[in-house]
Amino acid sequence: MNLVENFPALVVIVPLISAVLIPPAGRISKAFAWYIAVTASALSFAISGFLLNSVLKTGRISYWFGNWEPPWGIEYAVDYLNGFVLVVVSFIAFVVSVYAKKSVEDEIPENKITFFYSAYMLLVTGLLGIIITADIFNLYVFIEISSLSGYTLIASGRRKAALVASYNYLILGTVAATFILLGIGHLYMVTGTLNMADLAERLPQLYHSKVVLTAFAFFTVGLSLKLALFPLHIWMPNAYTYAPSAVSAILAATGTKVGAYALLRIMFTVFKLDFDIHVVPFTKIMLVLSSVAIIMGSVLAVAQTNIKRMLAYSSVGQIGYIVLGASLAGETAMAGSLLHILNHALMKGTLFLAVGAMVYRTGIEDISELRGMGRKMPLTMAAFTIGAFSMIGVPLTVGFVSKWYIALGALETGMWYFVPVILISSLLTAVYFWRIIENIYFKSAEHAGQVFEAPAGMLVPTLLMAGLCIFFGTAASLPVSVAQKAAKMLLAGVM
Amino acid sequence: MDTVYSALPVYVISVSLIAVVLVGISGRNPNVREFWTIAASLIKFSLVASMLPMVLDGKVIEYTLLTVFPGLDIKFRVDALGIFFATTASFLWILTSFYSIGYVRALKEHAQTRYFMCFAVAMSATMGVAFSANLLTMFIFYEILTLCTFPLVAHKETPEAIKGGRTYLTYLLGTSLAFLLFAVVLTYSTAHRLDFSAQGILEGKGSDVLITVIFILFMAGITKAAMMPLHSWLPAAMVAPTPVSALLHAVAVVKTGVFVVVKVVLHVFGIKLLSELGLGTALAYYASFTIITASVIALKQDNLKLRLAYSTVSQLSYVILGVALLTPSGITGSIMHILLHAFGKITLFFVAGAIYVATHKTNVSELDGIGRQMPFTMAAFTAGALSMIGIPPFGGFLSKWYLAMGTVEANQLPLLVVIAASTILNACYFLPIVYRAFFKGSEVKRISEAPAFMVVPLVLTAVGTLILFFMPSLFLDLSKMVVASITGGV
Amino acid sequence: MIELILGKYNYWIYITLMMIGFYAMISKNNLIKKIIGMNIFQTAVFLFYISIGKVSGGTAPIVWDGAVRYENPLPHVLILTAIVVSVSTTAVAFALIIRINRAYGTIEEDRILEINRQGTGE
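Chains as they are written, first to last, in my numbering: chain A, 1 to 495; chain B, 1 to 490; chain C, 1 to 122.
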């Protein structure tokens, strides 16, 4: 068998095997654990890039596990949409794994470091699996893989509150996953299939069945919980605040994005837009929810004093953007929403990495204590500032591009009243980030302790992400073209 | 019209960006650092000047820097209006650079490196606005200008300065994100393009209501033009060091605001569309409200800089009034006023700074007899004040003349009355200062001027107001070209 | 009506069990009891899955001569996976509870929240 043909499986299997290899390798030498994690995530990224490239050239790739033909066997499929998300997630996973070394040495007890990387790679496995699978039950399994590893990773935070945060996430995460499982069960009851494409084909005849409606409700609630759509976000702020920096970074940058991807997949590929037109106007419901999320997330972020918690609430608002863009159900807005998956991953990743570097050097998490940081850690803070500007949506940063597309899409679909929602939240974003920028640059520290720049292992990934925030903000043609193709495909309901 | 493709506008913008780096590196050595500032300002001006002949020849210089995504370019286009503004701003930057050096050294200001760096970025942004070929490019540089001037406004880092800076930022960033960006997005979704065109791009593209809404959003979003009631950021920004107030809040920032208004009125909406909808007249009357109200408020200010600030608020609305008349003379007057007010007001601010450096006085009521103590400075002040009032042979007369002509052409005599009334008000708040300075107070102890670095530039700008009265041809030609391009068709 | 209640009794059972579990997860103060609730919640879903595999008149899905219809084995297989997941989740949850107990000296949620509020959880 040809290696290249097996790439869709390898994207998931490489990190999975590495997760198994890391504990024994770590027994031989602690250093191995990190090397294996970095290598495996780099490989995943390379494979994802290759897959996206071949999708762009030749169209959808379908991979049959064990050569069982779908819908009987498990199918992995890569199209414009998940090829794009795969690249984003595996890239972030790679960058964060590089970054993790120093941060983990600092935050995790030495004898646990090996297991940390093992859990990290399991998380990556789960996330990539959710994206690539075309089998709806397989989706559930991967959701649970990523969640379980997520719980352990969050619990490895330094403070004891991390344990409680993880426990609460576990309870809510299980509710969410069980709801998704129920949704799958109900769909299986009436269709007898688990393959997404097959489901999409069979469902339209059954749209008016109450069972299908029930399944849809379970999916919506379950996935909304996973992606922390307001008001189902309550698990998130504590989890992000108390988790180790590297974990906050990967969860914030990719975890919720993958949830958003799953939501889009279920809503637009499995159920299709016709379901919205003929049965439940779910896009309308999501429009309202996401607008509330955008505003409330920003308002709550303004009220925070802990910088990580502030970033978490800001994520609540940003997830709202992704859902809003998708629910507008127009090509431009949908493209904006997909772009925001990439863009928010980049900017939130930058911010969490920068904050992590700062915590590593100073231990400061309180916004009021950030005075004069701009002088002490100029490069880290420059990266933070770029990330912050991007969140505000300043032109020439990535945040602008996706907001532009979503706003334009809102106008195109005639729903202009969502543009003020976007603008108001941009203003609020400016407010809560400006407090920090003001502190780090325009207020001098009371006692100018000598704090130096973060170590290169943390600084380089942070700067790289910040650089990409600018790069994809100034030369967005490539992601835009991919996102537009994916948006067209999603709205047409084909796979 | 011929189009020349050249990267010159990019060079003009990047000159000061390179200077930022150089200034930043040589922060430890003030003399080298200041050398870079001066060098950059001279190079920038000569680059701008090198484009002048081409533009006067009727050519347009274009350059596409990059494509953000299909349909949105970062693109530059040097036309008569742009080069007019760029010449004004880059010339005054040279003088302000010298003046700044004198100012910060005399007062031993802290964070001088940051100060000069931000100044250079601000000049890049101003050039960017002047040369932008579409609304997106303009918006970007408009925002950069806001962000890079915040450190200058909050320079003192006192709670008061931070508070002023916050007001500044809240108004400028807030409205531009909330209204201006909304307007840009609406424009794009209506016209499916964002580039400026001599005839406007919105004509026939949307319903009257939609066009009106976009127009109102633009006017509310361009807060840098300081139209009431969104003017309070300008007085708040007066906590900044005086050279900042001089260049940025008499020239670069506020003129960027009115320049954008002019651009939007002429090149996005087009005079035909606006006069059909009657929006021009509405804007003109709205602007005259600001002219009168701000002048009255200026009368009551004792702090010299605040009085100048309110005067600026009032004078900016002249520019808006002129362009809103939508007649050839009105537009000419409006464009000329960008230049002439810049020379007049920068002189006045320079003087305020010089007085502060020499005597640490900030209030009008403390200025008795200062004219005898600082004769050159106060002579310059008198020239600037007379120019502001519009008395020949000072430049300010020219723009007022054209503005008055414009009101007649537009058949709006009430607006002529507004101009007349405001001229009287101008006299009322400037002449008492001159009177106090020369005719009140005790006899002089001795002449004690501010450092030469400061006095020379302010005398030069004062002389400039005189020269511009007698030799306005270059700038008049440019403004006539603008008028010709929008009325004659391209 | 009778048909709705009796004819679909498997759904009623799973929904009732699920709600009992859900109630416990939300309202119980003791962290262990929450997990017990969670297990009931998940088990309800297992029962649901198993019951939908039932084909009336079907026999065990093993090929033999007299068979007319087979039960659907797939839901059973699926739910094996879900049971494994459930066991792992429970294990992780208990591990967390043990560490919470060590760190806070209690597994009562209100006490833990109080300690966190006092700032010692930081």
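The set of hints was computed from the structure by calculation and includes no laboratory data.
Ideal Cβ positions, reconstructed from N, Cα and C, are used throughout, including at glycine.
Watch out, some of these pointers could steer you wrong.
Unchecked claim - When the alpha-carbon atoms are kept at most 30 Å apart in a straight line, the in silico DSSO-like pairs for lysine-lysine are as follows: (1) C:K54 - A:K210; (2) C:K8 - A:K210; (3) B:K440 - B:K163.
Said to hold, decoys possible - Listed next, the stretches of chain C that the computed footprint assigns to chain A, with coverage defined by at least 3 CB atoms under 8 Å from CB atoms of chain A: (4) 46 to 56; (5) 86 to 94; (6) 97 to 109.
Unchecked claim - Partial pick of chain A residues on the chain B-facing surface, computed with a CB cut under 8 Å: (7) A407; (8) Y417; (9) V419; (10) L427; (11) S477.
Consistency of the hints with the structure:
Pair hint K54 of chain C plus K210 of chain A holds up; C-alpha atoms about 20 Å apart against a cutoff of 30 Å. For the proposed pair K8 of chain C and K210 of chain A, the alpha carbon gap of about 14 Å is at most 30 Å, so the pair holds. This hinted pair does not check out: K440 of chain B and K163 of chain B have alpha carbons roughly 36 Å apart, beyond 30 Å. Using a Cβ-Cβ cut-off of 8 Å, 3 residues of the region 46 to 56 of chain C lie near chain A, which meets the minimum of three, so the contact claim holds.
With a cut-off of 8 Å between beta carbons, the region 86 to 94 of chain C has 4 residues touching chain A; three or more are needed, and the interface restraint holds. Counting residues of the region 97 to 109 of chain C whose C-beta lies closer than 8 Å to any C-beta of chain A gives 5; at least three are required, and the coverage claim holds. For A407 of chain A, the suggested interface contact is upheld, since its CB lies about 5 Å from the closest CB of chain B, less than 8 Å. Taking 8 Å as the C-beta contact cut-off toward chain B, the hint placing Y417 of chain A at the interface is violated, the least distance being around 11 Å.
Using the Cβ-Cβ criterion of 8 Å, the hint placing V419 of chain A at the interface with chain B is satisfied: the shortest such distance is roughly 6 Å. A hinted interface residue such as L427 of chain A counts as satisfied when its beta carbon comes closer than 8 Å to some beta carbon of chain B; here the least separation is about 6 Å, so the hint holds. This hint holds: S477 of chain A has a C-beta 5 Å from the nearest C-beta of chain B, less than the 8 Å allowed.
Checked against the numbered hints given earlier, the structure breaks hints 3, 8 and satisfies all the rest.
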